[in-house]
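Build the full structure now, drawing on both the sequences and the hints.
Numbering (full-length UniProt numbering), first residue to last: 1 to 638.
Hints may contain errors.
In silico BS3-like links for lysine-lysine, alpha-carbon gap of 30 Å or less [said to hold, decoys possible]:
| # | residue 1 | residue 2 |
| --- | --- | --- |
| 1 | K305 | K167 |
| 2 | K403 | K474 |
| 3 | K355 | K436 |
| 4 | K167 | K302 |
| 5 | K436 | K403 |
| 6 | K191 | K167 |
| 7 | K305 | K7 |
| 8 | K630 | K600 |
| 9 | K436 | K474 |
| 10 | K474 | K355 |
| 11 | K167 | K630 |
| 12 | K403 | K355 |
| 13 | K474 | K630 |
Label pairs and their in silico Cβ distance ranges [as the list claims (entries may be wrong)]:
| # | residue 1 | residue 2 | range |
| --- | --- | --- | --- |
| 14 | E438 | I622 | 37 to 43 Å |
| 15 | L502 | V144 | 32 to 38 Å |
| 16 | V164 | G632 | 24 to 30 Å |
| 17 | F43 | M628 | 37 to 43 Å |
| 18 | L502 | A549 | 14 to 20 Å |
| 19 | T500 | D610 | 37 to 43 Å |
| 20 | V164 | N631 | 24 to 30 Å |
| 21 | R307 | G100 | 50 to 56 Å |
These are calculated hints, taken from the structure and not from any lab test. Since the model is a prediction, treat every value here as computed from it, not as a measurement. The beta carbon of each residue, even a glycine, is placed where N, CA and C say it ideally should be.
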Amino acid sequence: SPEDNRKLGTFCGYQLPTEPLVSSEQTVTARLHAVHQHEGSRFRFRYEAVDTRGTPGQTHLDASNTCSFRVTLNDSYSHFDPGSYGFQEYFVLHNPGHPGYANNLNCEWIIQASPHQRVYMSLTFELEESSSCIYDRLEVYDGVEGQMNWNLTHTLCRRNQMPVTVKSSGMFLRLRFVTDSTVTSDGFTAKLASTCGGYLRGAEGFITTPNYPENYRFNQECLWIIKVGIGRTIRLEFDDFKVVNTTPSCSGDYLTIQNGAHPTSPYLGPGMFCGQNIPQNLESSSNVVRLFFSSDFINADKGFKLRYYEQASACGGSHHLTTDMPTVTIQSPNFPNPPSHNTECSWTILAPQDKAISLHFVGAFDITPDFPIFSDDSATSNCSQAFVEVRDGGTILSPQLGKFCGTHTPNTQHSTGNAIYVRYYNNIQSPHLGFKAEATIDRCGGTYNAWEDGIITSPGFPTPYSADINCTWKVKAPMGHYVTLQFLEVDICSASVNCTNLRGRLQIRDQNATGEVLGTLCSSREEVGPINTYSNIAYITFTGGPNLARCKGFRLMFNKSLEECGGDLVSHEGEITSPGYPLGYSSRICNWVITVPPGKRVRLQIIDIDLYGGEIHEGRIICRDNIMLKNGPLRQSP
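See below:
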């Protein structure tokens with residue numbers, strides 16, 4: 001019917017539509033048809049007017065920002081020229097004022113390809129150069145998992161960084177152009193086109209080679225990622241398959257299918273497919289599948305069509321860790337979304353006979369019962385309605401290492417033998433997100449939360465440590481606090497007196513592996529005072545070495561500071577000061593996130609400022625001590 005011909009889409013179930021809908025007219029009608037009136041069907045969507053009066057393919061994102069644009073690539077920008085093995089037609093994008101640009105610009109372009117397509121971008125530029133691109137720069141962001149959820153992939157300003165070509169993982173790419181208040185240059189040119197592939201979500205769908213059922217084009221590379229719900233698996237069924245087979249090893253045109261999202265993920269089935277025979281149905285063991293299609297410039301055929309389906313997967317199971325596969329990830333069903341109510345899962349994880357196992361809780365942790373938990377330590381709470389428990393052995397009768405609920409991430413758990421048992425349980429109507437954990441063959445190390453005091457020792461302390469040991473610990477205090485490390489005993493044998501030898505030393509850094517070195521220890525004779533971090537994270541590494549003197553290693557205690565610096569502030573108004581104000585400050589990294597009610601904006605007034613002066617570098621003043629304000633809650637916010 002005429003009405004059906006104008007329909008933008010029909011939706012039901014629990015899967016969000018993955019692509020935005022764009023109308024061709026000024027009016028859109030949404031109709032909800034609910035047969036079961038009492039089952040609580042609901043939806044919510046956001047709409048916005050799109051300005052179509054600008055450059056074809058390019059519209060303003062925000063009326064209040066004249067330098068923010070959306071670029072939509074339709075089929076006219078995805079032609080492929082077999083003669084030059086390149087795109088026949090580009091959408092060409094320049095900075096405002098090109099050639100040349102103004103000072104103090106902050107421009108962005110959201111580039112969107114059609115569904116089941118990716119964005120291809122080729123960049124050339126002439127900008128003010130600096131080693132770290134802190135003056136004028138181009139920033140390229142990929143839309144993570146095919147969504148407008150940005151991951152910075154390139155920061156560009158130097159000629160030696162060219163040529164630059166980028167392919168998005170899904171249908172979105174973001175380009176940001178920032179300039180300072182002084183030197184300018186010509187600017188940039190971006191050539192844009194859509195290319196095959198994309199990030200596919202949903203319970204089912206299909207994939208075809210470009211131009212199917214006609215022959216696919218020469219010299220193409222297409223990448224698809226299929227992702228279904230956590231705890232689910234994917235079934236692939238081929239309707240048609242005709243991919244030119246020039247050699248038995250599929251060295252010409254081919255399709256690869258992998259059980260995971262990465263180029264190094266294991267293959268499904270034989271892994272590489274070509275020829276005229278329809279492959280057998282395939283089933284993944286994870287919730288993500290990666291498909292890569294490549295054609296050469298010699299022959300072509302009609303390609304393939306396959307369908308994919310989301311399948312339920314029972315939670316729990318047995319896992320065997322080996323030297324080839326030393327890590328396995330387990331999680332509550334549907335994580336990071338809430339599981340079904342009244343769920344119980346158990347995992348048994350085994351390592352080689354002479355090894356132990358570490359269980360590291362990663363990401364968000366939220367197993368909140370129906371009653372409030374008042375203790376900071378969930379292990380001391382009742383945790384009877386919802387919990388995850390860890391046992392030192394392979395069964396539910398093994399000794400308990402810990403039982404956890406609440407929202408505080410548990411510390412790393414260590415088995416004493418080669419087996420560990422994990423059980424997730426909820427007996428409530430509205431369970432929270434759950435947990436995710438990584439089990440690894442244990443040597444040493446782990447992540448500890450400094451909600452209260454704790455102890456870290458070298459492996460086997462006080463017995464002598466082995467020469468081949470290499471350990472890393474992270475100690476995290478709550479946001480707004482720093483970590484204090486107190487060394488109770490240090491007995492380390494080193495080949496060097498000044499700790500220059502990487503073997504046989506204990507090192508503490510701030511935040512991560514590249515953070516500032518706070519201390520390096522490599523003997524048993526030195527008196528070591530407490531070490532305080534600048535941020536809320538201490539990064540500790542210990543490497544063994546020749547230990548002829550049978551040194552014992554170390555034993556230290558960690559705790560969080562009483563003093564606070566930074567944190568999440570939710571209020572209509574408030575006041576922030578540097579630590580110790582007005583009596584001076586010590587070395588600290590403090591991060592505050594200020595949140596006001598929806599519909600309001602934040603206004604900051606600096607009442608007093610007295611910071612250490614800057615230094616001149618490359619003709620610019622660099623502030624060693626500084627206050628940085630960002631328009632958003634994330635580190636990558638502008």
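Against the structure, the hints:
With a C-alpha separation of about 23 Å, the suggested pair K305 and K167 falls inside the 30 Å cut-off, and the hint holds. With a C-alpha separation of about 22 Å, the suggested pairing of K403 with K474 holds against the 30 Å cut-off. For a cut-off of 30 Å, the pair hint linking K355 to K436 stands: about 23 Å separates their Cα positions. The hinted pair formed by K167 and K302 meets the criterion: a straight-line CA distance of about 25 Å does not exceed 30 Å.
Note on K436 and K403: the hinted pairing holds, with a Cα-Cα distance of about 15 Å set against a maximum of 30 Å. A C-alpha spacing of about 12 Å is found between K191 and K167, which places the hinted pair at or below 30 Å, so the restraint holds. Using a Cα cut-off of 30 Å, the hinted pair K305 and K7 holds, with the two alpha carbons roughly 26 Å apart. Taking the CA atoms of K630 and K600, the gap is near 16 Å; set against the 30 Å cutoff, the hint holds.
A hinted pair counts as satisfied when its Cα atoms are at most 30 Å apart, and K436 with K474 qualifies at roughly 18 Å. Pair hint K474 plus K355 holds up; C-alpha atoms about 22 Å apart against a cutoff of 30 Å. Between K167 and K630 the alpha-carbon distance is near 28 Å, which keeps this suggested pair within the 30 Å criterion. With a CA separation close to 23 Å, the supplied pair K403 and K355 stays within the 30 Å bound.
With a C-alpha separation of about 27 Å, the suggested pair K474 and K630 falls inside the 30 Å cut-off, and the hint holds. In this structure the hint that E438 and I622 lie 37 to 43 Å apart at CB holds, the actual value being about 39 Å. Here the CB-CB span from L502 to V144 is close to 36 Å, well matched to the stated 32 to 38 Å. At about 26 Å, the CB distance of V164 to G632 agrees with the hint of 24 to 30 Å.
Taking 37 to 43 Å as the suggested C-beta distance range, the pair F43 and M628 conforms, at roughly 40 Å. Checked against the given bound of 14 to 20 Å, the beta carbons of L502 and A549, roughly 19 Å apart, stay inside it. At roughly 39 Å, the beta carbons of T500 and D610 sit within the given window of 37 to 43 Å. Checked against the hint of 24 to 30 Å, the pair V164 and N631 passes, with Cβ atoms roughly 26 Å apart.
Distance hint check for R307 and G100: the Cβ-Cβ separation is about 52 Å, which falls inside the suggested range of 50 to 56 Å.
Figure legend: structure checked against the earlier numbered hints; every hint is met.
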